[in-house]
Amino acid sequence: MTALHCFHCDELINQVQTIEQQIHGKMQSFCCLGCASIAGMIDSNGLVDFYDFRSQSSAKANNEKQNSYLIYDKTNVQQQYFVAKNAKTSHIQLLVEDIRCAACIWLIKARLSRVVGVSKIEVDSLSKIVSFDWTADTTLLSKIMQKLDDIGFPCTPYCIENEIVQKNNYRNDILKRLGVAGLGMMQTMMFATGLYLGDSELTNTFNTSNDLASSDRALLQWVSLIVTSFVLWYSAAPFYKNAYRSVLVGKIGIDMPISLALFIAYGSSLYNILNNHPHVYFDTVTMFTFLILLGRLAEAQTRNFLARTLSSSKNKIPILARRVGNEGDAQSINGNPSSLPKEDWLPIVELAKYDTVLVKVGETVPIDGIIIEGDTWFDQSFITGESNLVVGNIGTLALAGSINTHAPIKLRTENLSGQRLIDQIIQFKQSGTQNKPHLEMQLDTVAKYFSLAVILVASFVYLGWTFYQPEKALLVTLSVLVISCPCALSLAVPTAQACTQAILNKLGVAVAHHHFLETLLKTTDVLFDKTGTLTEGKVTISQVNFLHREQFLHSGEALNKVLDKPCLLAFIASLEAESEHPIAQAFLPYLDPAIKATNIKYVVGEGVSGDIDGLRYYVGSPLFIDENVPSAKAKFNSIDYNIGDQPHLIVASNSGIIASILTQDQTRNDAHTLVNYLHDLDIQTHILSGDPSDKSTLLAKQLGINNVQQGMLAQNKMGYVESLHQQGRISLMIGDGINDAPVLSVAHNSIAMGSGSDLSRVSADAVLINNQLSSLVHVFKLAKQHKAVITSNIYWALGYNVITIPMAVFGFIPPYLAAIGMSLSSLVVLWNATRLLNKNTFEKIRHESTKQLVAN
Amino acid sequence: MTAIYLLIPISLIILVIAVRSFVWAVNNKQFNNLEDISQTMLFEDTIQDRKELLAKQESTAKATANPKTQNTQVQSPSKLKLTKESTGIPEEINKQQSSNHDQT
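Line by line, the protein sequences give chains E and S.
The first sequence runs 32 to 887 under the working numbering.
The second sequence runs 52 to 155 under the working numbering.
Hints should not be assumed to be uniformly reliable.
What the hints assert, rightly or not - No farther apart than 30 angstroms at their CA atoms in a straight line, the calculated lysine-lysine pairs in the DSSO-like style are these:
#1 E/K537 <-> E/K818
#2 E/K207 <-> E/K91
#3 S/K102 <-> E/K57
#4 E/K140 <-> S/K102
#5 E/K174 <-> E/K467
#6 E/K282 <-> E/K553
#7 E/K282 <-> E/K272
#8 E/K537 <-> E/K553
#9 E/K818 <-> E/K569
#10 E/K272 <-> S/K80
#11 S/K107 <-> E/K57
#12 E/K57 <-> S/K80
#13 E/K467 <-> E/K815
#14 E/K151 <-> S/K80
#15 S/K113 <-> E/K151
#16 E/K818 <-> E/K467
#17 E/K140 <-> S/K113
#18 E/K441 <-> E/K632
#19 E/K116 <-> S/K80
#20 S/K107 <-> E/K537
#21 E/K632 <-> E/K282
#22 S/K80 <-> E/K119
#23 E/K569 <-> E/K479
#24 E/K91 <-> E/K116
#25 E/K467 <-> E/K553
#26 S/K80 <-> E/K140
#27 S/K80 <-> E/K174
#28 E/K140 <-> E/K105
#29 E/K105 <-> E/K174
#30 E/K91 <-> E/K627
#31 S/K80 <-> E/K207
Derived from the structure by calculation, the hints contain no laboratory data.
I would like the entire structure built from these sequences, with the hints used as guidance.
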């Protein structure tokens, strides 16, 4: 018989435990009761079509934990999360991590739409947020959440981050302006077609008789004027607002020539209408606005995308805490156990000093506190970026944001909400963003002088012609302005940007700030975080040495298995199956359902023991084995086994030591490629690691990185980069942890890993979505081409002006040629930028980099 | 050419309507999530098709009183109620399920 898969989660079914249940009139097999009950629930709600629609299997049901949603019915808890719309209705956002494909969205919508009191349901598969309007006195919120849980979607309320809202609002704002500009552009172009074809000069040249009646021309012109005025007033507003602001600060940026171009083209058209001249440039005004906005939208879209892909509840610090009492009333508790205060969920802002907070296994610590009960391990990767677990005993400070991995603990609150270490890091990040140095872009420099030059030339021309031929002065000045219109110049960068963005997306890199590529080329120093950036950030097994294989052979006979390496690893995996320790995770792939361990006992910070097939096994540090395995006592000496400095895990059974296992945080396999490439470019490399151990030095030696800094806190990293800036160096920081967020925001340029923390990804200028460091080599090459295209665009725009302006100054260029020239020069810029998209370019980058990979 | 004195104002009115409806759509979050909607909307169509097929089948079943087609209706009472809403996959459509049926 072929292998059976679970109808719901598609996992292989253990033949012994198959559960069968009727779903929509057919018998189906399930791996566990949880999956069966979910499928039954979906079916009984008449939503069984879900199983046809889905393109990915569903998440396996959680059979152990029963989620309780009752706490979310409390008003003070709800106030933390939800925005009240009016007295009864509030906007609810739930984070549902198991949304996997479009069918899940359909299922959630279909289920919720049948619940009384729920309306306007929206599901976003990218941010995994389900939002709806909820009327308070209809269905209890906990019931609604339970209903989602019943169909296989455990959920938590979600406090939407300001970043997401802001970026979404900005994007929508640009989108509206773009839409208006686009519609206006189509209209004016339609009118312009009539005006161009009916142009008297054109019809005379080609001897046709399509000349427009002057009243008809006036109509077309006036209507274009109305449409364009609206576009200019609404769509182009951000440009001259920015330009005005930049003039006030004394820094002229790219928005200055853009505004200048718009006003020149619009103003001269207006003048021509009023003076009965036939030429108007309204089509140029609207098209130009549209194109520039298109470039801005592309950038806003990337930022919006990055902000939305965040959110995973594991990366979130809870805003609720389980309060079990206060130090002050500890005496009375001891005296009279019955007065023990009930467990009570409170928003952390309502916690007082010396409150006692209970944190269960698998939960994230909500507040900084001293442990007063329990021993455990903390996973602090969220705060420090280091994957090694940290031991927490009575008296140690537990930091908000660390995950409690082993045993329930009680904390006495130390730093209240707002003063926690995590809050400090976020503050550092914000101050970093404000202090971020900005290098002047090539185009900004050109734009500054160009704008000034245009204004100067135009005023000289006007003055000159008033002395010579006053009646022609204004006309000639206008044609000079039209010719010199900085349209082409303003389009030089956005067009190249849009094309580069397309290639970057293919490379798996999202760039959130337009200065990124240009600054990249000026980089003198690249700074790496260690764990999660240069390394994978997860532990893998690198070596298994059998020390006394015979012990193992002796013990495993009854299981009827080949007693080799995989089998040993499977033994350990079954011992570690329930543990969240990163070392335990390394064994997970070797798990064999046929081997079951019982009587498992963890010793925090040391090891684990358990029974397999009647024999007791021990896995842990040499010290742990020394203390627990009687036959190993006195016999065990790490030197005897050639174990050296690196931390080894020892496996032993009751009868003696079996093997030693070496685990390692794997270095990313393409870290070498990148570091070598950077050294070829004469770029200095640094490691800034939060890990105080010597691992970073070893890694630096291995990769050939020049400078290493160990045990750095978030503010140290920031200080290090700032001191580099003072020496005139240009920095590029690559990191992933929340502790990297401040330094990412202060560096000239920064890249976050796609697998990194949410905060680091919103702080960075670019994100490596695919986590491939070698992609950066391509990005460097692309940046060079990008710059070449921008430079040639700028030269073209300037060169064109250098030739045509003198001709216009002396009145050689008729206005219609000026208009054609203006459009043509913009088109050339566009065409030049699309050269970047040329397939050959992309293939060339790829080809060269593979060659380099081979060479390395 | 006098037609343009009528047509151009009409085009302007249409332009205003187009701009207003676009702005309305953006303000009402119609553009917030373009990826998911494009996929889920097809599901509703499929369900509609199935419902129609089922209705057809039911009517033919009533007309001919064929015991075989009645088979689809022999379900628990709760399901009978729900077929009205969205369920009811006729065996002809769902290949996977019909093959499972053959096995049983």
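Taking only the CA atoms, is the gap from S/K80 to E/K207 under or equal to 30 angstroms? Holds: S/K80 and E/K207 sit about 12 angstroms apart, inside 30 angstroms.
Straight-line alpha-carbon gap E/K105 to E/K174, limit 30 angstroms: holds, 13 angstroms
Need the status of pair E/K537, E/K553: alpha-carbon distance at most 30 angstroms? This hinted pair holds, its Cα atoms lying about 24 angstroms apart.
Quickly compare the C-alpha distance for E/K282 and E/K272 to 30 angstroms and report which way the hint goes. holds, 14 angstroms
E/K467 and E/K553: Cα distance at most 30 angstroms? This hinted pair holds, its Cα atoms lying about 16 angstroms apart.
Does E/K282 lie within 30 angstroms of E/K632 when you go C-alpha to C-alpha? violated, 66 angstroms
Holds or violated: S/K102 and E/K57, Cα atoms, limit 30 angstroms. Status holds; Cα separation ~19 angstroms.
Quick one, are E/K441 and E/K632 close enough, alpha carbons at most 30 angstroms? holds, 21 angstroms
30 angstroms Cα cutoff - pair S/K107, E/K57: holds, 22 angstroms
E/K91 and E/K116: Cα distance at most 30 angstroms? violated, 36 angstroms
For a C-alpha distance cap of 30 angstroms, please report whether E/K207 and E/K91 respect it. violated, 42 angstroms
So if I understand the rule, the pair passes when the alpha-carbon distance is 30 angstroms or less; does S/K80 with E/K140 pass? Measuring from Cα to Cα gives roughly 16 angstroms; hence the hint holds.
This entry does not satisfy hints 2, 5, 9, 12, 15, 17, 20, 21, 23 and 24, going by the numbered hints stated previously.
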